[in-house]
Amino acid sequence: MEAYLLAIGIICAIYVLLALGLTVQYGLTGLINFGHVGFFAIGAYTSALLSLQGVPLVFCFAAAAALAGLAAWPLGLVALRLRDDYFAIVTLGFSETVRLTIASEAWLTNGVQGIPGIPRIMAGGGIGPQLVVFALLLAACIAAALAYRRIAGSPFGRLIEAIRDNEEAVTALGKDPARFKLQVLALGAALAGIAGAFYAHYITYLVPDQFIPLVTFQVWMAIIMGGVGRVSGAVTGAVLLMLFLEGSRFIRDLAPGLISEVDMASLRIGVVGLALILFTLFRPQGLMGDYTRR
Amino acid sequence: MSLDISRVKKAFGGFLALDDVSLKLADGAMAGVIGPNGAGKSTLFAVISGFAQADSGSVTLDGRTLDGLAPAARARAGMVRSFQVPREFRHLTVRENLMAAAPDQTGEGLFGLFFRGRRVAAEEAMIREEAEAVIDRLNLRAVAELPAGRLSGGQKKLLELGRVLMVRPRTILLDEPFAGVNPILIKEIERHIRALNESGIGFLIIEHDLAALSRLVPHLTVLDQGRVIAAGTPRAVLAESAVRDAYLGGGGP
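Chains as they are written, first to last, in my numbering: chain A, 36 to 329; chain B, 20 to 272.
Hints listed in this document are in silico derivations from the structure and should not be mistaken for laboratory results. Watch out, some of these pointers could steer you wrong.
[Said to hold, decoys possible] Using C-beta positions, here's what the derived DEER-type ranges look like:
1) A:Ile43 <-> B:Phe31: 57 to 63 Å
2) B:Ala163 <-> A:Asp244: 53 to 59 Å
3) B:Ser77 <-> A:Ala101: 42 to 48 Å
All values derive from a computational prediction rather than experimental measurement. For every residue, glycine included, the Cβ atom is placed at its ideal position computed from N, Cα and C.
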């Protein structure tokens, strides 16, 4: 049971990290990134491939963050000129491009066969190594949360808020809004990259199908339920998401024999969808409140 | 810093908003642009500040062409504009509005923010001091802590002027600084502009309020239907019949 809870805790913490990435982007600048999973994938594959070449994990993680962040750069240069809704569509296309590239460039990523045997962060059986992974993830989440706070209360955060209030006025004062949005986009992407690295070394097996757009939307559901633009919202939302995803497993136990494994998989998504609908109806600001609507 | 607008043309579809408009502002001088609604004043400002591109003609600052430069680059070159409808950062306090406008802040980059904390803090202290000076100068002390969205129209105009000052420009383009401002505050804004001009800052001002503008600037350019129909001292310009026809509808006081 402890092992099961810990496993859920680890996945949940990975979602928190992903949610914090979106929180940075949407909460600070209102960027609607529908391609978050693309950066997650870049982080996961980067770290996995490097670690299999014998690169120490610390550097693998750093490379995962850096490469995911760098990938945001060209995307941002092109897409930040677009209106918010078009930006969202382009990012969605970006993540699908990443997934399809991973699937087709088999010489590098082993394509749809996937990469097995990715080294764990800490080898060995029992609960100890799992605890270490969980602690590291918690540390990463706390660091990300602190970074978010630091930015929000800084000259950078002040200017970002000014851009949200009036972009043209910022331009007229001699500052280029795109530069600031680009940095925020890259930071959120880097967080997703780190989450990807944790995921790769925890699951130890990667295939392109793990990086479908549904992952992005689950993270969005998490922050919508938790409250967008808030660290507490990202955390609460990710926990809620895991509760719904994992909790719905037990529906089968309530009605044994009625629901097949295949139906279960769809049902889990359905439960999350229902929760999302109920939230938008009865608590649109999310559990913790919407930081972006003050 | 001399501004030279030379033979600028700008059309929107078939509508010629600016037709061969030329205008000069000498270093540290003050000049006004007037004209009825739709005369092309706002388009002229948009072209000068880079928010719109002219179809032909050129804008130069100290002999350097600004054509093709983005608005932000023009502001960094020392020429900053205000907007007709104030564009305050409404969620930020008046003080934060001013501080956000200060140029070249180390703390406005993520790298600087996380790796040069001490420098960021020192700069913040300096910028804050500058903001306080502007707050005192423009009599915004009473509202310094308020979110800018809650200011009156006139106070927002003052704040915009203050924000522009934080950039330390050599030339300021003011888009209707008196529009929607009560008469007492108009006098105050006039006073600020005059004092700033005496300290060497050049002003190009678009304005509807003829009386206030005539008191303020020694030189007026009159636009009508995208063309310059008169230019000279306020007294001379306002005496011309073409101006009276266009601007005052032929009647006038």
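Here is how each hint holds up against the structure:
1. A:Ile43 <-> B:Phe31: 57 to 63 Å: Given a distance of about 60 Å, which is inside 57 to 63 Å, the answer is holds.
2. B:Ala163 <-> A:Asp244: 53 to 59 Å: holds, 56 Å
3. B:Ser77 <-> A:Ala101: 42 to 48 Å: holds, 44 Å
Consistency with the previously given hints is maintained throughout, with no hint failing.
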